[in-house]
Amino acid sequence: MRRGQLLLPLMLAVAVFASALVVVRTKHENRALVGELDGLRAEHERLQMEWAQLQLEEATLAHNNRVEKIAREQLGMVEPDDYVIVDAQP
Amino acid sequence: MTAIVNPSAEPVRGWRRILVLGVLALGAVVVLGRAFQLQIVERDFLIKEGDKRHIRTVEIPAHRGAIVDRRGEPLALSAPVETIWVVPSALLGSPGHVSAVAKLLGRRSSEFERYLKARQNRSFVYVSDPLSPGEAKRILSLGAPGVFSEPSYARYYPAGEVTSQLVGFCGRDGNGLEGIERAQESVLAGHVGERRVIRDRAGRVVEDNLEYQEAQPGGDVELTIDLRIQYLAYRELKDAVARNDARGGMIVVADTATGEVLAIAAQPGFNPNNLKERVSRGTRNRAVVDAFEPGSTVKPLLIAQALELGIFQPSSQIDTTPGTFKVGALTVRDVHPQGVIDLTHLLSKSSNVGAAKVGMTLGAESVWAGYQRFGFGEPVYTGFPGEASPVLRNYADWGQIATATASYGYGFSLTALHLVRAYAALANDGLMPQIRLVRGGQALPPQRAVSASTARAVRQMLEAVVAPDGTARRAAVPGYRVAGKTGTVRKIADTGGYDRKRHQAIFIGMLPAQRPRLVGLVIIDEPKAEAYYGGLVAAPVFSKVMQGAARLLQIAPDDGDQRPGPVREQTVALPGTGVDRGRRS
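Chains A and B are the protein sequences, given in the same order.
If you read the first sequence in my numbering, its first letter stands for residue 506, the second for the next number, and so on.
If you read the second sequence in my numbering, its first letter stands for residue 61, the second for the next number, and so on.
If you are wondering where the hints come from, they were derived from the structure by calculation, not from laboratory data.
Quick reminder that beta carbons are idealized off the backbone N, C-alpha and C, glycines included.
Check the hints yourself; a few may be wrong.
Over 10 Å on every C-beta distance to chain A, these chain B residues come out as not near it, computed from the model [what the hints assert, rightly or not]:
#1 81
#2 110
#3 235
#4 351
#5 371
#6 425
#7 451
#8 560
Here are the simulated EDC-like cross-link-like pairs (lysine to aspartate or glutamate), alpha carbons at most 16 Å apart as the crow flies [said to hold, decoys possible]:
#9 112/B - 260/B
#10 197/B - 555/A
#11 532/A - 267/B
#12 561/B - 590/B
#13 532/A - 260/B
#14 417/B - 394/B
#15 532/A - 268/B
Hey, can you work out the whole structure from these sequences and the hints?
Written out as structure tokens, the structure is:
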């Protein structure tokens, strides 16, 4: 009877202690995850910036003016007109 | 037994008890008092100070949306930039770094040093324009004292001057000032969000669900233009304006069925990436904000009204001899007297006398109603800032002379988009679409301007304009049947009346003539090289642009085998030109 009376508070004390440890652990994990989230947000932001820059770069390189110049001057291309007459001499 | 005196059992003297209790009470009062002071008197101050040390408000960035063309090519983009600023006194303390920084900034080091010395007392001086993050990093990596960078966003326009007047530009603070940037500000603008976080000593965020205000990034705006056609149109227009020594020009290409503008450009232009050019007159999108007298280009619309009312038939004959026609004090003249002509001939030779006679027969009200049908009485409602409203006075105010001049396109004004819309109606079998610059949203249903049979009849007549004996044979596009009309409009002189030397050369047309897909308008303003007729100055631009546009949009040719082509042995299709061309060779 006496032993039973002592057992209950003891078990409760252990449970409280264990729960306190879990709280500490959860809190720690929470902070770690928040930190990770924040890092990922920064990464997202950085990647967005990079994406904007790359789009800009692509648009600059693919600018019609530049493409036309290279096509005409370096590659000797012409616009496809209706007919082209070539010399049929052997 | 003598009682042993137990000293500890001696009764405690009263004062000791009081002393102990007193000391304890004093201690309690001190502790409680301090607690009162901290918890109640200084509470706000302490909370503030505590928060200051670890609660931070972090901005959640929200970017301005991009503007893209109908194929998703970017026309306006926000990209990160960094602006270098320095603390002059700190940088001057290290002379070696001054010249290194000056070199990377592209400035002479002696000049840079003088610049800094003049501002020595300031603690903050910008020394560069916004730079790309890469360039800024190179300068920062010198490790020069007192050199910092400030990150921000800048707006870039990859297509540059090609789309400049349409897209417009933003101010320094990122608000749209001109063009679509301004018109679509509410869509494009982003709203910066905010969150409050707790940071630990190392600056890491450890808790962030205190307060949260969501960021709203700006939406993208998709324009109706096709950058490939836009570039082609801009290039040809710029070329023609330079060749003809003209004051300016504009060009519009639109889809006839949907009313979507595929290209809209004006000259002179400007480069929106160059801040200094933004004040020039080139920033005006002439095709939307400038109104002008349309001249001969309205004759087909007059004829459409005449056919629609049944007062004239395509075969009707009109006597234009002797090439002049007196209406009150006004004498209408033809450049070349045409004699007795039918309506097709009237259009292909652009006879003013013929048009005036048709207009007088219809009467003021019918002529006016005809132009109303084609939308000359109402704005185009593109939503573009500064869109010009048309000026078409009520017929009740027209006298005989006004009726005659209105018949060949003088005495009222409209924008380039009005003409495009009216011709889109002719092209679209009488259904006039809403002209659109921005995609998305619900388009208004097209309005019926004239019956399908009238539109077809007028289109057939307009093919004669581009025929070898018409006024605009240079508008012909190989492989396609083109219907169109020239206009050579005298401009109003500063002194009043019309100037004999200043003209607007106009060509507006559509192709393929049987079932038109595209309508195009070219206006060259005040060509000063020898020619000034619409058929000579504007028509070649139309031909080149439409040929390219038809190819890019893969519009099937409709010219059958009518064109006299070289014999088969002599023709070689260029590689990759597709089936259409092979079929016709």
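(request) If any of the earlier hints don't hold here, list their numbers in rising order. (result) none
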